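Q: The residues making up each chain are set out below.
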Amino acid sequence: KAGVTQTPRYLIKTRGQQVTLSCSPISGHRSVSWYQQTPGQGLQFLFEYFSETQRNKGNFPGRFSGRQFSNSRSEMNVSTLELGDSALYLCASSPEGASSGNTIYFGEGSWLTVV
Amino acid sequence: AQKVTQAQTEISVVEKEDVTLDCVYETRDTTYYLFWYKQPPSGELVFLIRRNSFDEQNEISGRYSWNFQKSTSSFNFTITASQVVDSAVYFCALSAMDTGRRALTFGSGTRLQVQP
Numbered sequence: 001k002a003g004v005t006q007t008p009r010y011l012i013k014t015r016g017q018q019v020t021l022s023c024s025p026i027s028g029h030r031s032v033s034w035y036q037q038t039p040g041q042g043l044q045f046l047f048e049y050f051s052e053t054q055r056n057k058g059n060f061p062g063r064f065s066g067r068q069f070s071n072s073r074s075e076m077n078v079s080t081l082e083l084g085d086s087a088l089y090l091c092a093s094s095p096e097g098a099s100s101g102n103t104i105y106f107g108e109g110s111w112l113t114v115v
Numbered sequence: 116a117q118k119v120t121q122a123q124t125e126i127s128v129v130e131k132e133d134v135t136l137d138c139v140y141e142t143r144d145t146t147y148y149l150f151w152y153k154q155p156p157s158g159e160l161v162f163l164i165r166r167n168s169f170d171e172q173n174e175i176s177g178r179y180s181w182n183f184q185k186s187t188s189s190f191n192f193t194i195t196a197s198q199v200v201d202s203a204v205y206f207c208a209l210s211a212m213d214t215g216r217r218a219l220t221f222g223s224g225t226r227l228q229v230q231p
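Protein sequence lines correspond, in order, to chains P and R.
Counting from 1, position 38 in the first sequence corresponds to residue 38 in my numbering; the numbering is continuous, with no gaps.
Heads up: take any position in the second sequence, counting from 1, add 115, and you land on my numbering.
No lab work stands behind these hints, which were simulated from the structure alone.
Since the model is a prediction, treat every value here as computed from it, not as a measurement.
Check each hint, because a few of them may be wrong.
What the hints assert, rightly or not - Simulated DEER-style distance windows between Cβ atoms:
1) R:Ser-223 - P:Thr-20: 28 to 34 Å
2) R:Pro-155 - P:Ser-27: 22 to 28 Å
3) P:Gly-16 - R:Thr-187: 44 to 50 Å
Each residue gets a CB set at the ideal place from its N, CA and C atoms; glycine is no exception.
Between the sequences and the hints, there should be enough to build the whole structure, so can you do that?
A: Now the structure itself:
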């Protein structure tokens with residue numbers, strides 16, 4: 001069974017640009033969540049999508065957004081990039097999401113560098 | 116608010132030594148779940164174990180073992196006879212209700228270095 005797949009793995013963007021990251025969950029998983037990992041703040045929850053609806057949201061500004069498609073694949077978008085957005089962005093999937101106590105499986109992440 | 120504390124920032128051991136990674140959690144929720152993940156340099160968080168709040172039975176899986184104690188709000192992880200391949204950052208995480216929503220909260224991680 002294929003794991004969580006994230007693309008691209010590495011990317012470099014310039015301040016002010018926007019970026020879109022993609023995530024394909026494990027087959028059969030309907031919940032997709034996104035996390036940001038930085039050396040200073042650690043792992044922080046961005047948002048969770050379930051059946052194409054945002055179910056939970058962390059404390060991030062509106063520049064961070066996401067969506068989920070009918071096949072459960074998800075994208076997250078960051079607009080007007082700032083240097084502080086440089087981070088590892090991790091996507092995770094589970095059958096029903098954290099609200100059900102499911103195990104959450106992570107992808108390898110997308111390393112974003114903003115210059 | 117829920118919180119996970121991993122007080123050990125970095126641990127260095129020599130191969131074949133046993134090592135215990137500490138995790139202390141805080142939550143007001145009565146039904147919660149605890150996890151351990153391993154993060155190698157590649158970045159992927161690898162799931163190791165999941166425990167629910169009703170199951171305090173300790174678990175052993177090969178060289179890995181976990182000690183869950185609700186009385187002290189701890190969920191410690193022990194690697195027996197450590198190997199170089201165990202070198203990674205280990206995260207403890209808690210899934211519990213927080214301000215009306217269930218979220219997964221991570222500790223700050225413990226970097227384990229196993230020297231040959």
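Q: Could you run down the list of hints and mark each one as holding or not?
A: Going down the list of hints, with the structure as the test:
Against the hinted window of 28 to 34 Å, the Cβ-Cβ separation of Ser-223 (chain R) and Thr-20 (chain P) comes to about 29 Å, which satisfies the hint. Taking the beta carbon of each, Pro-155 (chain R) and Ser-27 (chain P) are about 24 Å apart, inside 22 to 28 Å as hinted. Between Gly-16 (chain P) and Thr-187 (chain R) the beta carbons are some 49 Å apart, a value that agrees with the proposed interval 44 to 50 Å.
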